[in-house]
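**Q** With the hints as constraints, model all of the structure from the sequences given.
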Amino acid sequence: MQALLLVVVFAAPAGAFETTAPTAILIDVGTGRVLYEKNADDPIPPASLAKLMTATVVFDMIKKGEASREDTFEVSEHAWREGGANSGGSTMFLPVHKTVSLDDLIKGLIIQSGNDAAIVIAEGLSGSEAKFADRMNAEARAIGLSHSHFVNPHGLPAPGQEVTMRDLAILAEYLIKTFPQEYPLFSEQSFTFNGITQKNRNPLLELGADGLKTGHTAASGYGLVASAAKGGRRIVLAMSGMQSLAERAREAKRVMDFGLQDFEEVTLISAAEAIGEAKVAGGSQESVPLFAREDLTMLVPRGSLADVTRVIEGNGPIPAPVKKGQRAGWAVFSRGGEPIREVPLFAGESVESAGVFSRIAGTVAAQFRSDDR
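When you read off a place in the sequence shown, starting at 1, and then add 257, the result is the number in the working numbering.
Heads up, a few of these hints could be off.
[To be verified] Taking lysine to aspartate or glutamate and the EDC-like style, the derived pairs with C-alpha atoms no more than 16 angstroms apart in a straight line are: (1) Lys581 to Glu530; (2) Lys320 to Glu396; (3) Lys581 to Glu606.
Calculated directly from the structure, the hints in this document are not laboratory data.
**A** And the structure:
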């Protein structure tokens, strides 16, 4: 049964956490809650983080049967010159005019961050970088990336090409959820092609993360999109604009640890347990247990429920007969005296009407209780 999220802001105290990254966002994937953000909607050049969008388009085409991992493409002179060994950027070291499988190109794109791999993919699947970028933008709009625009498949500087950290976090979530069979590629530590072995550039892979991508250009600084899971929770973080490899590794680790260690998911209501009762009038029993239809959970700073209180308000006395599943009350959650959520409660069992003698006995008993007062 799916848990029902209690939508309340339990943010960490102001100033309790900060990062030197100029732009960043941290999201709890299960709840969708933003745990931290800083200038997350500022547009920046994407650098190699654009390859996450390239990978998304490729995975989508494979899923739809429009492409196959066994497809092969020739390395054009343009791909070799612009993204190859002589380009000065990250490369898969593809030899010019060599025929390469899409499967190898995908690995070179994701693990080695090859600009040449990105260009060959774009030319092979769409005919040109520009046409492939059109598909990238169409896919981005469909996913909901409302403040990003792509001009090429590799992320090297180009007029009009920009992303936001919020959009990249949304993209990372989409990749993880939509292509779970492909996601393990992002945690591969290395890939060997043409006799050359290169390591994955993501510094968090050795520190608990299981993907996704790093990026760097002079214009964008050092950036990273990563995801990690612990204790049944998964987080996604996206950050950019840092000044060195060391700063990126340090700040990304701090943000990741903050997201995984400083928050916990607390179950406030379990659908399997009665959480109160409502009085029944004229029934074969005096009350009926109350249940919620779904578990109710919320994400809070670890070790604190932030003074949330719960009060059970019944519809009672409910006239018999009562049917199991009948609406019978509410659980009201409050903070500082202000209601923040009302959860409907339902009768956990049926209660038949009492017989005539039981009703008479109940009336007499009630009269005696009244007389005693």
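**Q** For every hint, state whether the structure bears it out.
**A** Each hint tested on the structure:
1. Lys581 to Glu530: 15 angstroms, holds
2. Lys320 to Glu396: Given that 16 angstroms is the threshold and the Cα spacing comes to 14 angstroms, the pair holds.
3. Lys581 to Glu606: 4 angstroms, holds
Hint check: no violations occur; every hint is consistent with the structure.
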